[in-house]
Amino acid sequence: ETQQVSSRWSQDDPYKRHERGTIDANAYFASLRNSLGIDLSDEQFLDGWNAIFAGVVPGIEEQLRMAGKRWPLYVFSNTNPAHEAHFIPAYADTLKHFRKLYLSSSIGLRKPDRAAFEYVAHDIGVAPANILFFDDVLENVEGARAAGFQAIQALSSADVAAALADLP
666 ETQQVSSRWS QDDPYKRHER GTIDANAYFA SLRNSLGIDL SDEQFLDGWN
716 AIFAGVVPGI EEQLRMAGKR WPLYVFSNTN PAHEAHFIPA YADTLKHFRK
766 LYLSSSIGLR KPDRAAFEYV AHDIGVAPAN ILFFDDVLEN VEGARAAGFQ
816 AIQALSSADV AAALADLP
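Numbering (this note's numbering), first residue to last: 666 to 833.
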């Protein structure tokens, strides 16, 4: 049954609106009831929705600590208030390395849209060409590059370490 549900799920318009903060979790869960054809309560959806968080990427804490000594670090994430309420306290020790969190539902823009990257660069006050962006999703890496960022697809902490080792 899980496979049947996952085959019907997509990053559709309600999903993207939820990540931009234009609809709340209850409205998004209502759209999921319809598109997935399942009858779960909002609480059941929320429990499953937050179950995606599997912990900190092994090896990343030390890399963040070291990188933070050399460069300002920021988070830019496509997310939603329900996830924020879960991950911000759960990962507070990891998030302390970052100067600011750019969360799609707070800024009203999401990756891979060029306007989202332009917003982040402008707010940081740095030219896009001087920003190194990491993401696990290739579409977001391509969006960052199209906006003038240096961008690397990172699927592991080893990918991050290799990219950082190449910097002057």
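FYI, nobody ran anything at the bench for these hints, they're computed from the structure. Each residue gets a CB set at the ideal place from its N, CA and C atoms; glycine is no exception. Warning: the hint list may mix true and false statements.
[What the hints assert, rightly or not] List of simulated lysine to any residue pairs, SDA-like, C-alpha gap at most 20 Å:
(1) Lys-681 to Asp-801
(2) Lys-761 to Phe-710
(3) Lys-765 to Ser-706
(4) Lys-681 to Phe-710
(5) Lys-734 to Ala-827
(6) Lys-681 to Asn-699
(7) Lys-734 to Thr-759
(8) Lys-765 to Ala-750
(9) Lys-765 to Val-721
(10) Lys-681 to Leu-711
(11) Lys-765 to Ala-827
(12) Lys-765 to Trp-736
(13) Lys-734 to Asp-801
(14) Lys-761 to Val-740
(15) Lys-681 to Lys-761
(16) Lys-681 to Trp-736
(17) Lys-765 to Leu-803
(18) Lys-761 to Val-721
[Claimed, not checked] Restraint-style ranges between C-beta atoms, simulated for each label pair:
(19) Arg-764 to Ser-706: 36 to 42 Å
(20) Leu-832 to Ile-753: 42 to 48 Å
(21) Ser-706 to Glu-804: 28 to 34 Å
(22) Ser-706 to Val-740: 14 to 20 Å
(23) Gln-818 to Glu-708: 33 to 39 Å
(24) Ala-780 to Glu-727: 33 to 39 Å
(25) Arg-673 to Leu-738: 34 to 40 Å
(26) Gly-733 to Ser-696: 24 to 30 Å
(27) Asp-678 to Leu-766: 22 to 28 Å
Evaluated hints:
Distance check on the hinted pair: Lys-681 and Asp-801 sit about 18 Å apart at the alpha-carbon level, within 20 Å; holds. Using a Cα cut-off of 20 Å, the hinted pair Lys-761 and Phe-710 is violated, with the two alpha carbons roughly 29 Å apart. A threshold of 20 Å between alpha carbons decides the hint, and for Lys-765 with Ser-706 the separation of about 34 Å lies outside it, so the pair is violated. As the CA atoms of Lys-681 and Phe-710 are separated by approximately 17 Å, the hinted pair is consistent with the 20 Å bound.
This hinted pair checks out: Lys-734 and Ala-827 have alpha carbons roughly 17 Å apart, not beyond 20 Å. For the suggested pair Lys-681 and Asn-699, the alpha carbons sit about 16 Å apart, so the restraint of at most 20 Å is met. Taking the CA atoms of Lys-734 and Thr-759, the gap is near 15 Å; set against the 20 Å cutoff, the hint holds. Under the criterion of a C-alpha separation no larger than 20 Å, the hint pairing Lys-765 with Ala-750 is consistent with the structure, at around 16 Å.
With a C-alpha separation of about 18 Å, the suggested pairing of Lys-765 with Val-721 holds against the 20 Å cut-off. As the CA atoms of Lys-681 and Leu-711 are separated by approximately 17 Å, the hinted pair is consistent with the 20 Å bound. Distance hint between Lys-765 and Ala-827 is unfulfilled; the C-alpha atoms sit about 24 Å from each other, more than 20 Å. Distance check on the hinted pair: Lys-765 and Trp-736 sit about 13 Å apart at the alpha-carbon level, within 20 Å; holds.
Distance restraint check for Lys-734 and Asp-801: the Cα-Cα separation of roughly 23 Å exceeds the 20 Å cut-off, and the hinted pair is therefore not satisfied. Among the hinted pairs, Lys-761 with Val-740 is consistent with the structure: their alpha-carbon atoms are about 11 Å apart, no more than 20 Å. Pair hint Lys-681 plus Lys-761 does not hold up; C-alpha atoms about 27 Å apart against a cutoff of 20 Å. Simply put, Lys-681 and Trp-736 have alpha-carbon atoms about 31 Å apart, too far for the 20 Å limit, and the pair is violated.
Restraint check for Lys-765 and Leu-803: the C-alpha separation of about 23 Å exceeds 20 Å, so the hint is violated. Between the alpha carbons of Lys-761 and Val-721 the distance comes to roughly 13 Å, so the proposed pair stays at or under 20 Å and holds. At roughly 38 Å, the beta-carbon separation of Arg-764 and Ser-706 lies within the given 36 to 42 Å, and the hint holds. Against the hinted window of 42 to 48 Å, the Cβ-Cβ separation of Leu-832 and Ile-753 comes to about 28 Å, which falls outside the hint.
Here the CB-CB span from Ser-706 to Glu-804 is close to 32 Å, well matched to the stated 28 to 34 Å. Between Ser-706 and Val-740, the C-beta spacing of about 31 Å breaks the proposed range 14 to 20 Å. Distance hint check: the CB atoms of Gln-818 and Glu-708 are about 35 Å apart, consistent with the given range 33 to 39 Å. As the Cβ distance of Ala-780 to Glu-727 is approximately 34 Å, the hint placing it in 33 to 39 Å holds.
At about 37 Å, the beta-carbon gap between Arg-673 and Leu-738 stays in the expected band of 34 to 40 Å. For the hinted restraint 24 to 30 Å between Gly-733 and Ser-696, the CB-CB distance of approximately 39 Å leaves it violated. The supplied range of 22 to 28 Å is met by Asp-678 and Leu-766, whose beta-carbon atoms lie about 25 Å from each other.
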